[in-house]
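Number of protein chains: 2
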Amino acid sequence: MNTTQHPSLQAKVKAKISIAGAGPVGALLATILSRANYQVNIFESRADFREQKHYQGKSINLALSDRAWRALDIIGATPLVKEHAIPLYQRIVHTQDNSQISQNYGDEQQAIWAISRVKLNEILLAIAEQEPLVNLTFNNRLTHLDFVNGCSVYANHSEHIVKQKEVESDLTFAADGAYSKVRRLAQETPRFSYSQHYMEQCYIELTITANDDGSHKLDKNALHIWPRKHFLMIALPNSDGSFTCTLFLNHDGEPSFSSLQEKEDIKAFLSTHFADVYPMLNDPVEAFCQKAANPLFLVSVAPWVFNNKVALIGDAAHAMVPFYGQGLNCSFEDCREIAELINIHQDDWEQILPAYQKSRKENTDAISKLAKEHFQEISEFACEPRFILKKRIEAKFHKMYPKLWTPLYTMISFSADLPYSLARQIGKRQDALMEQIMLIKDIEKHWQEDFVYEKLKSLVKQESKTFI
Amino acid sequence: MNTTQHPSLQAKVKAKISIAGAGPVGALLATILSRANYQVNIFESRADFREQKHYQGKSINLALSDRAWRALDIIGATPLVKEHAIPLYQRIVHTQDNSQISQNYGDEQQAIWAISRVKLNEILLAIAEQEPLVNLTFNNRLTHLDFVNGCSVYANHSEHIVKQKEVESDLTFAADGAYSKVRRLAQETPRFSYSQHYMEQCYIELTITANDDGSHKLDKNALHIWPRKHFLMIALPNSDGSFTCTLFLNHDGEPSFSSLQEKEDIKAFLSTHFADVYPMLNDPVEAFCQKAANPLFLVSVAPWVFNNKVALIGDAAHAMVPFYGQGLNCSFEDCREIAELINIHQDDWEQILPAYQKSRKENTDAISKLAKEHFQEISEFACEPRFILKKRIEAKFHKMYPKLWTPLYTMISFSADLPYSLARQIGKRQDALMEQIMLIKDIEKHWQEDFVYEKLKSLVKQESKTFI
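As they're listed, the protein sequences go chains Y and V.
The first sequence begins at 1 in UniProt numbering and counts up one residue at a time.
The second sequence begins at 1 in UniProt numbering and counts up one residue at a time.
Think of the hints as simulated: they come from the structure by calculation, not from any bench.
Nothing here was measured: the structure is a model prediction, and the numbers come from that model.
Treat the hints loosely; a few may be bogus.
Unchecked claim - Simulated pairs of lysine-lysine, DSS-like, Cα-Cα distance not exceeding 25 Å:
id : chain 1 : residue 1 : chain 2 : residue 2
1  : Y       : K361      : V       : K428
2  : V       : K263      : Y       : K372
3  : Y       : K428      : V       : K369
4  : Y       : K369      : V       : K372
5  : V       : K361      : Y       : K372
6  : Y       : K358      : V       : K428
7  : Y       : K372      : V       : K309
8  : Y       : K181      : V       : K181
9  : V       : K361      : Y       : K369
10 : V       : K372      : Y       : K361
11 : Y       : K428      : V       : K390
12 : Y       : K369      : V       : K445
13 : Y       : K358      : V       : K229
14 : V       : K390      : V       : K445
15 : V       : K390      : V       : K12
16 : V       : K457      : V       : K445
17 : Y       : K369      : V       : K369
18 : Y       : K14       : Y       : K372
19 : V       : K309      : V       : K391
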């Protein structure tokens, strides 16, 4: 809504903030800022996806966990978003020999929540648009940004005419995603450290259709996973009864998107390695052939904040790989940090922005590393007996002594007040102790016996630190 | 020299290779390739520096060690280059309290060699120009490069007219340095991993003038170093009796290039921390004020080789920080690798280039990390008693058992056949063993006694690996 139509609002407006990008992060941030009495202009380069039949954009399914909810709580959006999400209480591992192993994500009531990115974006944009201080413009592509004075230029490409518009702002947030234009422009600023790292793996999406009655063909309250060591498929439920499957496979080598070119080879590959689900997939060979494999990359930059006039947020600042399911959770946590710092520093952006960068950079570096490392855990170890045993011992110990030990996955997904970087440090110390437990002779036989947990308890106490 | 004037040469020419950049690496590579019967076109964006009064370009002094000599041996350039270089047998540490500590670089005869970058470049270009198959063109800036077919476009900016020239090559080497244009263009290729990391430190150069009789004011056969923990100055001798000093100092914070703005503060800073050399410096306060601080950064990329048509080499592939004095040594080693692979794979570039990338990438990553870590060693530890003691024990042990232990610096600088990555691994294992030796009670008193070396010897043997 345009504030020029609301002169009464102008009086209390503290400053003018631009946001590049109207994805979930831009929309959430806009609502947070406007409710703190900032005038917010969001510019989105794409057309309004709500007016289009086919949504163009990143489509990896999302799983929201506690960090996302904590951020959405700030604007009261949690109940509405949960209405459109499906809780997943466990990971179901589909082994190569067609058996299934269930692994709870946390305690019985703890779940991660699957939701369509489009739906989530829709909800958050609708909330932002109700804010009198938010002004949302589509089809406006950022073409220039002055990192010293914060002025930007947007080009409007609609109706086959290009109109340039200069925008003055007290502050610009770049919420323009993994391929951020602002970040690309920032590469021209002095002493800008930048890294983009491509993974060996690429991905495509396949679909499991719904049953005729609209029900799901697999347990819908689980994330399904087919770990195959060097490649991997996962499936997340959609609310229409279908599942979206994501196949992660190397770009080169054997097998890979490069080596699998012939239809019969693709069919053999899919039906051999994903035998249980192959019959449920919607024309998978055709889909495999027609879709270009998407790259997976992670981005790390420094600084995030330029002259206290421009700040990166979300994937623009820290695009990561999806293996820990934390990308958007982490980006929403960026927004929560901004909200908290506005309160702490009473709208003094000269303090807010450096504090934001300092606190978030270290934590996003940590989750980005964890996400990269997690590929091996889910692709290689997820069905390895000793790995599964370790997870079981850990879960049992956590249940016995919840104040002494929280598993890393729980710290990341269900402990929203624990910073990622601290969780990672604790996780490393836990690994070292679990190594000692796994050295117990015939641990496979004895893992349920008390002495194992007494030993782990004494090891934890020796460290004289608790693993919260 | 242009081969069109030498039709007799054309018959034996194997293929046409372009080199972007006529620095020391481009010039050395051109001579190597032309002597292997390739027609080589070098394009340099700058004007011929030999025709100019003031050389524009990177000016950090160079120190050449065995890896450089080994590469220069291939074209027989070592004796000529050594004529213009000054051997440095030791590092002389100037402590804050104006005492001096000498540390030999290796055995008594082992030296690193200081040389002016301009002189070295001049020598290597003169050699390349004598090759009938080498064609050298200045003032030609690369504007376009097709990474699939290897075609490139150069623009000639001389005489205020821009002439564009299309160049077809079987292969293009990018030897265009730390700010490589080819590498920048490569960022548009698919799945290009790229990282540029800026250090906290920047640098400026100051000068110690010669005595009136042309002699040096400090020992000329040493690298002088003023370690001051968070900052650092080094001095390398020039053949005209002067020294070039490089002051490394943080960009921000206290003290830093940002904090030191007033002339009196600069004077106080320099005269306090570099008291012994301050009177010898040529107008240091003025020089400090007038020079913009240069950034220090490291670059890491993958791949280096594109469709076997374009390959990065030298700083274009692996720009590093100068703290180990290995930048050009490492780049020359890239050229040596190419020379050796041409022989091994008998001019089959489909094999040469992947092998080049595989072998060099891992080794340049290793030396780049070592160079970054080395700042702490030379700025912080160089005058720390326990560190110095460790180095002495190591040197003594190496002298007693040269086949069991070679210090890391020697492996890097004087063991040209030992790959950097292996040297780094060995160095880490040595560190762990030396930690145990330093735990010996009152090691400061006992370090010359036999039992210390017997213990170290048994530790090495326990590892059942020798530290060559």
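Right, here's what the structure says about each hint:
| no. | hint | result |
| --- | --- | --- |
| 1 | Y:K361 with V:K428 | 29 Å, violated |
| 2 | V:K263 with Y:K372 | 49 Å, violated |
| 3 | Y:K428 with V:K369 | 23 Å, holds |
| 4 | Y:K369 with V:K372 | 21 Å, holds |
| 5 | V:K361 with Y:K372 | 21 Å, holds |
| 6 | Y:K358 with V:K428 | 31 Å, violated |
| 7 | Y:K372 with V:K309 | 31 Å, violated |
| 8 | Y:K181 with V:K181 | 21 Å, holds |
| 9 | V:K361 with Y:K369 | 22 Å, holds |
| 10 | V:K372 with Y:K361 | 21 Å, holds |
| 11 | Y:K428 with V:K390 | 31 Å, violated |
| 12 | Y:K369 with V:K445 | 45 Å, violated |
| 13 | Y:K358 with V:K229 | 24 Å, holds |
| 14 | V:K390 with V:K445 | 13 Å, holds |
| 15 | V:K390 with V:K12 | 57 Å, violated |
| 16 | V:K457 with V:K445 | 19 Å, holds |
| 17 | Y:K369 with V:K369 | 19 Å, holds |
| 18 | Y:K14 with Y:K372 | 40 Å, violated |
| 19 | V:K309 with V:K391 | 46 Å, violated |
Of the hints listed earlier, those the structure fails to meet are numbers 1, 2, 6, 7, 11, 12, 15, 18 and 19, in rising order.
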